[in-house]
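Novice: Chain residues, written in single-letter form:
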Amino acid sequence: MRLQLLNFIFGTVRLKAEGVFPERIINIANQMGIFIQDITKTEEKSILFSVSSEGARRLLSQSLPPEIALTVIKTSGFPWIKNTMSHRKLLFIGPCVIALLLFLSTQFIWTVNIIDADPATEEKLLHMLKDLGVKRGALKFTINQSEVKDKLLMKDDSLLWIWVDIKGSGAIVKFANRTMPPAVFNENEGYNIYSLKEGTVTRIVPTNGNALVRPGDSITKGQLLIEGIMPKNPEETKYIHASGEVFASVWEEKIISIPKKKEIRTPTGKKTQHLSIIFSKFPIKLFINSRILYTNYDIIVSSRTLSFIPITFKKEDYREVTVTYQDNNIDILAAEYLNEFKNSLSAKGYSIISSRWYVTDNGDSCLLTMNVLCEEMVATERRINFGENNSVSDS
Amino acid sequence: MKNKRFLRKTQSALDLSEGILENLPNIILYGTSMVEVDNFKGLLDFSTSSVRINTTDSILRIDGSELHISFLTDESIGIKGKIISVSFE
Chain A
1126 MRLQLLNFIF GTVRLKAEGV FPERIINIAN QMGIFIQDIT KTEEKSILFS VSSEGARRLL
1186 SQSLPPEIAL TVIKTSGFPW IKNTMSHRKL LFIGPCVIAL LLFLSTQFIW TVNIIDADPA
1246 TEEKLLHMLK DLGVKRGALK FTINQSEVKD KLLMKDDSLL WIWVDIKGSG AIVKFANRTM
1306 PPAVFNENEG YNIYSLKEGT VTRIVPTNGN ALVRPGDSIT KGQLLIEGIM PKNPEETKYI
1366 HASGEVFASV WEEKIISIPK KKEIRTPTGK KTQHLSIIFS KFPIKLFINS RILYTNYDII
1426 VSSRTLSFIP ITFKKEDYRE VTVTYQDNNI DILAAEYLNE FKNSLSAKGY SIISSRWYVT
1486 DNGDSCLLTM NVLCEEMVAT ERRINFGENN SVSDS
Chain B
241 MKNKRFLRKT QSALDLSEGI LENLPNIILY GTSMVEVDNF KGLLDFSTSS VRINTTDSIL
301 RIDGSELHIS FLTDESIGIK GKIISVSFE
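First to last, the sequence lines map onto chains A and B. Just so you know, we're using this note's numbering here: the first sequence kicks off at 1126 and counts up by one. Just so you know, we're using this note's numbering here: the second sequence kicks off at 241 and counts up by one.
Hints are computed from structural coordinates only; laboratory data are not their basis. There could be a bad hint or two in this list.
Claimed, not checked - In silico lysine-lysine, DSSO-like type, Cα no more than 30 Å apart, as pairs:
| hint | chain 1 | residue 1 | chain 2 | residue 2 |
| --- | --- | --- | --- | --- |
| 1 | A | K1363 | A | K1322 |
| 2 | A | K1249 | A | K1199 |
| 3 | B | K281 | A | K1199 |
| 4 | B | K249 | A | K1141 |
| 5 | A | K1170 | B | K322 |
As the list claims (entries may be wrong) - These stretches of chain B come out as covered by chain A in the derived footprint (C-beta under 8 Å, 3 or more residues):
| hint | region |
| --- | --- |
| 6 | 276–286 |
| 7 | 310–320 |
Stated by the list, open to error - Derived coverage of chain A by chain B (criterion: at least 3 residues anywhere in the stretch with Cβ under 8 Å from a Cβ of chain B; other residues may be distant):
| hint | region |
| --- | --- |
| 8 | 1144–1153 |
| 9 | 1159–1167 |
Glycine included, C-beta positions come from ideal geometry on N, C-alpha and C.
Chain A with its partners taken away, still in its complex shape (with noise of 0.2 Å):
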């Protein structure tokens, strides 16, 4: 491996010696001080033998034995190519330009991702890293992480901490938003409690002001349930920050449409497959029929970015299916969903109290409607606004 390496740098070349006893070549080679290599007799009066570069221009340029003939077969190794590549500029240009190209682009800004953000704040601090300098396009060595970072805090009370990560090509912004204290009560300030859903109150601890409703009572969305007005003497009203909790049973709805029958795709094992590479955003397909040939298909999308260039590998399954239908049993569906909406209603906190669905028809499908009796916390406050109406208009 090590002498094929270095024939490879120093290039070699294959010579070929005929005439009366060839022998004598490699015994004047040899003498010369030249290393030969594979030397190998094809005929009775030729052989075969490999020397270096510089050894064979040393060979060839001594006065050899007039009876033998000494002719060049081969050459290999890296100053052969580059003497047979120095008349093609551009195939050594091009590659240079292209490993430039991608290099330059390794130095740009390609994707700014935020991790864990909703999409508001997410929209709120791609806005802000635009404002400095931290977007699409824009160079990597031009971002300071620091200050990014320092302004941001300033910018935006909410966050507690925020990162900004150059990895590769793109920006990796990491933060955590601020838990934000209570908000202080102004004692002089007067607030009501209000029902935010219909129901029938089951409990009231009212920990301040005065209760309207008790328990038992049929409550209307929107319907004053603690006053925080006080009466003080027939003419002065004093006005407190009512407060309490106030639970009731609700009705909780929800209708679903079930497909009367169901879709089963069962895979024929016939696929196609669409090879795409993106660059940046623009697309670079590797196929030339885009143009699917079977009628029933399912497409399986994968992707790999590659992190220090902005190139992504997109890959396309499409595999054939066949597709029949199935009677749906409308029962079990209907278990399973109701179970499901119920489980998404304890996950809000309320208490289930009974359950009960029915069905209605409706054409290809059927109407599923779920009510779930529920104890849950009705209560809002609202400040007391003089002149207005202060019942809650919409939760």
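Start from chain A and add chain B according to the hints.
Specialist: What follows is chain B alone, placed relative to chain A:
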């Protein structure tokens, strides 16, 4: 001759390996696939079935099949192929 005797005595006195001062051919056989000869003086005859080489001491003959010389420097030679025998003439 006197020189040779002196060298042998020196070699024996110094407890050196046999022939190290006399430049005797040093033959290393790697199984039946390769033979390496140090202190060789020249290639006399070469074919795919036999190689005759001149050494400081005598002529060495290597018989075999599919023989070829893998390398050759001013002091050593490496012969590859299926080696059947190595003999002195």
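Novice: Mind checking the alpha carbons of K1249/A and K1199/A for me, to see if they're no more than 30 Å apart?
Specialist: Roughly 68 Å separates the two Cα atoms, so the pair is violated.
Novice: Do three or more residues of the region 276–286 of chain B come closer than 8 Å to chain A, measuring C-beta to C-beta?
Specialist: holds (count 5)
Novice: Going straight from one Cα to the other, do K1363/A and K1322/A come out at no more than 30 Å?
Specialist: 28 Å, holds
Novice: Taking 8 Å as the Cβ threshold, is the statement that the region 310–320 of chain B is covered by chain A upheld or broken by the three-residue rule?
Specialist: holds (count 5)
Novice: Compare the distance between the alpha carbons of K281/B and K1199/A with 30 Å, and conclude whether the hinted pair is satisfied.
Specialist: Cα-Cα ~28 Å, so holds.
Novice: Can the restraint linking K1170/A and K322/B be considered satisfied, given a maximum Cα separation of 30 Å?
Specialist: 22 Å, holds
Novice: How does the coverage statement for the region 1144–1153 of chain A fare against chain B, requiring three or more residues with Cβ below 8 Å from a Cβ of that chain?
Specialist: Three-residue rule met by the region 1144–1153 of chain A, so holds; n is 3.
Novice: With a Cβ-Cβ cutoff of 8 Å, does the region 1159–1167 of chain A contain at least three residues near chain B?
Specialist: holds (count 7)
Novice: Quickly compare the C-alpha distance for K249/B and K1141/A to 30 Å and report which way the hint goes.
Specialist: 47 Å, violated
Hint violations for this structure: numbers 2, 4, all remaining hints satisfied.
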